[in-house]
Amino acid sequence: MNSLFLSQLQFAVTTVYHFFFVPLTLGLSVLTAIMETLYVQKGDENYKKMAKFWGKLFLINFAMGVVTGIVQEFQFGMNWSEYSRFVGDIFGAPLAVEALLAFFLESTFLGLWIFGWDRVSKRVHLLAIWLVAIGSNISAFWILAANSFMQNPVGYGLENGRLVMKDFFALLTNQYVWGQFPHVIFSGLVTAAFFIIGISGYHLLRKQNLDFYNRSMKIAVIVGLIGIVGVIIMGDSQSKRLVRVQPMKLAAAEGLLKTENPASLSLFTIIDADAGKQMMHIELPSVLSFLAFNSFDGEVKGILDLQQEYTQKYGAGNYIPNLFMSYWTFRIMVGLGFLMLAILIVLLVYIMRKQSLPSWKWLTVLFPWVISFPYIANSTGWLLTELGRQPWIVYGLMKTSDGVSIVVDGGEVLATLILFTLVYGVLMVADVYLLVKYAKAGPQENDLVVEA
Amino acid sequence: MDLNILWFLLVGVLFVGYFVLEGFDYGVGILLPFLGKNDVQRRVIINTIGPHWDGNEVWLLTGGGAIFAAFSGWYATVFSGFYLPLFLILLGLIFRGVALEFRSKDDNPVWRSSWDWAICVGSFLPALLWGVAFANFVIGVPINAAHQYVGGFWNLLNPYALVGGVISLLGFILHGAVFLSLKTTGSIMESAREIAKKVFPFLLGAMVIFVILSVVLVNFSVLAIVVASLAVIVFLVSGWMVRQNRVGLGFILSAATILLSTAAIFVQLFPRVLVSNLNPAWSLTIYNSSSSQYTLTIMSIVALIFVPIVLAYQIWTYWLFKKRVTEKMKLEY
Chain W
444 MNSLFLSQLQ FAVTTVYHFF FVPLTLGLSV LTAIMETLYV QKGDENYKKM
494 AKFWGKLFLI NFAMGVVTGI VQEFQFGMNW SEYSRFVGDI FGAPLAVEAL
544 LAFFLESTFL GLWIFGWDRV SKRVHLLAIW LVAIGSNISA FWILAANSFM
594 QNPVGYGLEN GRLVMKDFFA LLTNQYVWGQ FPHVIFSGLV TAAFFIIGIS
644 GYHLLRKQNL DFYNRSMKIA VIVGLIGIVG VIIMGDSQSK RLVRVQPMKL
694 AAAEGLLKTE NPASLSLFTI IDADAGKQMM HIELPSVLSF LAFNSFDGEV
744 KGILDLQQEY TQKYGAGNYI PNLFMSYWTF RIMVGLGFLM LAILIVLLVY
794 IMRKQSLPSW KWLTVLFPWV ISFPYIANST GWLLTELGRQ PWIVYGLMKT
844 SDGVSIVVDG GEVLATLILF TLVYGVLMVA DVYLLVKYAK AGPQENDLVV
894 EA
Chain D
6 MDLNILWFLL VGVLFVGYFV LEGFDYGVGI LLPFLGKNDV QRRVIINTIG
56 PHWDGNEVWL LTGGGAIFAA FSGWYATVFS GFYLPLFLIL LGLIFRGVAL
106 EFRSKDDNPV WRSSWDWAIC VGSFLPALLW GVAFANFVIG VPINAAHQYV
156 GGFWNLLNPY ALVGGVISLL GFILHGAVFL SLKTTGSIME SAREIAKKVF
206 PFLLGAMVIF VILSVVLVNF SVLAIVVASL AVIVFLVSGW MVRQNRVGLG
256 FILSAATILL STAAIFVQLF PRVLVSNLNP AWSLTIYNSS SSQYTLTIMS
306 IVALIFVPIV LAYQIWTYWL FKKRVTEKMK LEY
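Going down the list, the sequences are from chains W and D. Here the working numbering = 1-based position in the first sequence + 443. Here the working numbering = 1-based position in the second sequence + 5.
Keep in mind that a hint or two might mislead.
Think about it this way: if two alpha-carbon atoms lie no more than 25 Å apart in a straight line, the pair counts; the simulated PhoX-like pairs of lysine-lysine are [said to hold, decoys possible]:
| # | chain 1 | residue 1 | chain 2 | residue 2 |
| --- | --- | --- | --- | --- |
| 1 | D | K335 | W | K565 |
| 2 | D | K110 | W | K883 |
| 3 | W | K565 | D | K327 |
| 4 | D | K110 | W | K491 |
| 5 | W | K883 | D | K335 |
| 6 | W | K491 | W | K880 |
| 7 | D | K327 | D | K202 |
| 8 | D | K335 | W | K495 |
| 9 | W | K880 | D | K335 |
| 10 | D | K333 | W | K495 |
| 11 | D | K110 | W | K495 |
| 12 | W | K744 | W | K883 |
| 13 | D | K333 | W | K491 |
| 14 | W | K491 | D | K335 |
| 15 | D | K328 | W | K565 |
Worth flagging that the hints you see were computed from the coordinates, not collected in a lab.
Construct the entire structure; sequences and hints are all you get.
Now the structure itself:
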């Protein structure tokens, strides 16, 4: 049985699943910390109630993120041992640093935060949640530094058929990670903001706990706006970077077959790559050049020309990633990004005018579904990042097909893939059940009961 | 001292930290459905490890990360070679972690007892399988000239490894029982102590069998024998202390037993990290499976700064939650 394809599938399933939980952890830790800061500064018990209510939802989500994260660290060695052997000298370091600097910090102080409400002073307790938020967000940097090496290898040498680290600081200053890291941090804030907005809207439209949810909504809209503007700016800088470091990914995301100067931005394209032609397309002239270079002219290379260039450089082979996925994941991600920006602006107007949301029936039913937008955008963003890199596992240095474990056979991967999928399915049901239950129940009075 | 040795030591320290700390978490988890006679008692039991289990688990993540960073050849060979046991460990850790958080967040008795069993089985699997894995490191597994494991799954379940698994399982149960009798009151405390006393002779028996098998099957170094003997002596004293109801001292000695047993394995391995039973020359060592000196240097600087900091704040949180957990307290989990 083909263990390569199954291992890829397993990586996709476990990683996309893991990343359902990560952005909310990143963002909601910060938002909970902001609420608790307001409580400590203003002494207003309402903010304590908010920190406790949103904090409880944070904890349910956090547990899922932690346990699915362990799988990530193990499976590089389990399913991708030849990759690990080839790149371990470089790739292992940020993973170890991530655990030592970030995971210890977030998990130890989260324990203190959960159990310490009545054991430590207000300020120490506040410090604990900030350390959780800092720990989570630092961890994102290290894992993204590792991922960025796969996207854009820097600071390495090749010795005895293995990559070796030559410059640790090149790894940390990789231009790719400084696009990815802020993009992910901001999208974490957006995810948490929409999570709060969706749940607050649900209650506001039903006229429940108006004061509590209005305050929550206000904080979320402000943080969400900061987040979405950051996401869009960093996303734009990503495409400017791609045209230099991974032109094939950009061309695939754009469905750009032939090199163009100036290049047009595709709004809708169906490509037949085998026949080398676009079946159907609608496009905006020169806009792609503008996105890539901030100028209405500039050459953007096309898929077919890049394929030819890479065949000369790396030898015969197919260097074109999955075009359908690259093209549509990009459009879904970007489209949802702007939709979320629009929603946030509308909500901001309502908040500034101190108006309540219109109580249309369809809105009451549909409103909570805004929570799904950042999730879909996060997942499609990663699918584009990882699928657009194919056939490379380390760009230009190792192909994915050479990275898979030799001694693990397809049957074993199939068995674990099926079990992971089943277990993850069951856990998702339990997770969503609890989140919905606590979100609907709203803030509890006994959240404020203090131990005698 | 060269950096390869330093990192071999550090990996040893991280796994000692993991086994000593998560060891009692696993014991507590395994005992949960048997010791907790009703829901409140079960909550008390879970709350004894509540603030700590997640931080304790990071010792494993850091240990795994350290192996990846410092000995990527070891990481690649073991993780792909021990594929199914590691998968079972992962399943255990997944269920257990989620269960600890979810268990008390709903009143339904079926919900709660399901998660209780998830905690129990999810603790049982890693407690058993880490012993199996480490015993295999020592006795040797089929590693070929290309440093690939070629033994398949059943090879890992040889008798020697299984005895190793029984030892880690019983050791963690005992460690957890002693921890519980230190952190609870009343009937839970008393039954935990009873269990510790009952487990003791079985664990001693397993240890004796393991020692005999080791003498016959493995060529133990003198130093490893000394450290292993120390482990057995400390273990005997810890049993004696528990019998005398001096549980605090018993717990410290139980932790020391785990430390010394793990140390004995690392001493026996040195300078190898994974023994090949096909050809000694094919064994993985701290030199032929290591990362470059540059990477080891960078990692050493990071570790020497941050390991003490982590130790300091973890010790502080243990001190903060040093009180016994009672049924009258507000139980978070």
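For each hint, the structure was consulted:
1. Note on K335 (chain D) and K565 (chain W): the hinted pairing holds, with a Cα-Cα distance of about 18 Å set against a maximum of 25 Å.
2. A hinted pair counts as satisfied when its Cα atoms are at most 25 Å apart, and K110 (chain D) with K883 (chain W) qualifies at roughly 14 Å.
3. At most 25 Å may separate the alpha-carbon atoms for a hinted pair to count; K565 (chain W) and K327 (chain D) meet this at roughly 20 Å.
4. Annotation: proposed proximity of K110 (chain D) to K491 (chain W) holds, straight-line Cα distance about 20 Å (limit 25 Å).
5. With a C-alpha separation of about 24 Å, the suggested pair K883 (chain W) and K335 (chain D) falls inside the 25 Å cut-off, and the hint holds.
6. Annotation: proposed proximity of K491 (chain W) to K880 (chain W) holds, straight-line Cα distance about 21 Å (limit 25 Å).
7. The suggested pairing of K327 (chain D) with K202 (chain D) holds, with an alpha-carbon distance near 24 Å, which does not exceed 25 Å.
8. For the given pair, K335 (chain D) sits about 15 Å from K495 (chain W) by alpha-carbon distance, which is consistent with the 25 Å threshold.
9. For the hint pairing K880 (chain W) with K335 (chain D), the CA-to-CA distance comes to about 22 Å; that is within 25 Å, so the pair holds.
10. For a cut-off of 25 Å, the pair hint linking K333 (chain D) to K495 (chain W) stands: about 22 Å separates their Cα positions.
11. A threshold of 25 Å between alpha carbons decides the hint, and for K110 (chain D) with K495 (chain W) the separation of about 14 Å falls inside it, so the pair holds.
12. Between K744 (chain W) and K883 (chain W) the CA atoms are separated by roughly 51 Å; this puts the pair beyond 25 Å, and the hint is violated.
13. Restraint check for K333 (chain D) and K491 (chain W): the C-alpha separation of about 24 Å stays at or below 25 Å, so the hint holds.
14. For the hint pairing K491 (chain W) with K335 (chain D), the CA-to-CA distance comes to about 18 Å; that is within 25 Å, so the pair holds.
15. With a C-alpha separation of about 20 Å, the suggested pair K328 (chain D) and K565 (chain W) falls inside the 25 Å cut-off, and the hint holds.
Taken one by one, the earlier hints fail for this structure only at number 12.
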